[in-house]
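Enquirer: In case you want the letters, here they are:
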Amino acid sequence: MSDGPDSGNTIAFECVEKGFNARKVLDKVSFTVAAGEALCILGRSGTGKSVTLKLMIGLLQADAGKVMVAGENMSALDEDGLAKVRRNMGYLFQSAALFDSFTVNQNLALPLHRLDRTKSPEEIKQAVHQALKEVGLEKDGEKLPSALSGGMQKRAGLARALVLQPKILLVDEPASGLDRITAAEIDELLMKVKTERRTTMVIVTHDIHGARKIGDKFAVLDQGRVLAFGTPEELDRHNDSRLNQFISER
Amino acid sequence: MLKSVFSSIGEVTLFGARAIRDAFFPPFEWEYLFNQFYEIGVGSFLLVVASGFALGVVMTLHTRSTLVQFGATAEIPIFQSLAFFNEIGPLVAALLMAGRVGAGIGAQLANMRATEQIDAIETLSVDSFKLLVVTRVIACTLMLPLLTLFMDAAGILGGFVSEHIWSRLSLTLYMHRAFDGVALADFLPPTLKTAVFGYLIAIISCFYGYTTNEGSDGVRKAATNSVVISSLVVILADVILVKCIFFLFPDQAI
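From first to last, the protein sequence lines are chains E and R. The opening residue of the first sequence carries number 1 in our numbering; numbering runs sequentially from there. The opening residue of the second sequence carries number 1 in our numbering; numbering runs sequentially from there.
Think of the hints as simulated: they come from the structure by calculation, not from any bench. Being a predicted model, the structure only gives us computed values, none of them experimental. Glycine residues also receive a C-beta, built at the ideal position from the N, C-alpha and C atoms. Treat each hint with caution, since some may be false.
Claimed, not checked - Under 8 Å between C-beta atoms, here's a sample of chain E residues computed to sit facing chain R:
#1 Leu59
#2 Leu82
#3 Tyr91
#4 Ala97
#5 Leu110
#6 Pro111
#7 Arg114
Generate the whole structure from the sequences, applying the supplied hints.
Expert: Quick look at the structure:
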């Protein structure tokens, strides 16, 4: 478990631009996430929220500007450099993205095998069990992802993202496809991670209710630009009707 | 249209060249490779053997009805073995593999792309191309010649069963007639050409699966393209390779 916030867990976007073919998805986007802070990125579909996460973990490269993660410019890193930064990052995908030919246990063991070569097979087994226990799936380790419900898959995906005890956690639409109760359970788990491990989090979400529970700051994206950035209270004080569409709980 | 065809050929060629290059550089994904050997080799075994046996029986029935008119039924075993070694075994095994394995690879990789599993692999700093593509290419390239051997054997056995039922021909005499006069050049080059077929099937199927990004429609397209294009390419490659074999082994052409 992390000892607490440290300056190495910060994320900074500096005038980042990203486009696909002729379409610009992100246009001069800048913001920072301090260590131990939870940033919720809100906005309509197609405004580049998931692209923002993929830039942070180096799955995509920015066309212009800098994506700084833990003090490293992600665009300038080679594969070894990326592996080093990713060692301290976890990523919960929108669809959980569990490897469907692997059991849940194997899904969780893979990051440990690949990114933490110091652990023995017994230690890996223990770490997998512990991670599954934290999300309440300790009895489902031998199941294939197809045998799990949507909520259980999300929890298993979260366990995989947390198994390396990352200092930075990226979460893409934790509530998508889930009923309110299951979505609330995932939010509770994220809250637990935030408070107990002081993990830096970036959460892309449409669920303003969950975002208000977890987020220390909000970034609202609209048409590839940051429409507003600040704490929920600061954003509430704005009198912008477009902004209110995104942050109002009604 | 023509530009897009040439562009696709260029992309697949580069994709295939990358797979060959990456196959020789570490890290090597041994565990995943052995899984692929099992899935592709063992998984296709029954289909190949059953098809080979059935083809052997049918081929013998057709050949007999023709040769009996010339009183040359004693030649059935050698016709059978040469037909299987030279063409039927390699080509049918390759087409079966394109159907079963090619469609599976295309659909599986496209689904992994659509459900972000390939992105998830990359976030673990694992080279997804090496893990998913190179292992399948190696497995298909090495497994198809082996499967062809089994298809040849099943075809000859099917031919024997058919002949035995018709004429009570003994196994020893059938095998003697089947292999008498069969040279290594009749058997080895056609069997080894299936390694090229296996490589082509894997590259084309992996290309359509790995590079798609169109959700469930992409899965459908990848599965269809994998089977159709790889079957077509295998048949075209067969024409070229047979010509090459005739050039290298002129006795075969006579």
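Enquirer: Against this structure, judge whether each hint is valid.
Expert: Do the hints match the structure? See the list:
{"no.": "1", "hint": "Leu59", "result": "6 Å, holds"}
{"no.": "2", "hint": "Leu82", "result": "6 Å, holds"}
{"no.": "3", "hint": "Tyr91", "result": "5 Å, holds"}
{"no.": "4", "hint": "Ala97", "result": "4 Å, holds"}
{"no.": "5", "hint": "Leu110", "result": "6 Å, holds"}
{"no.": "6", "hint": "Pro111", "result": "5 Å, holds"}
{"no.": "7", "hint": "Arg114", "result": "5 Å, holds"}
In this structure, none of the earlier numbered hints is contradicted; all agree with it.
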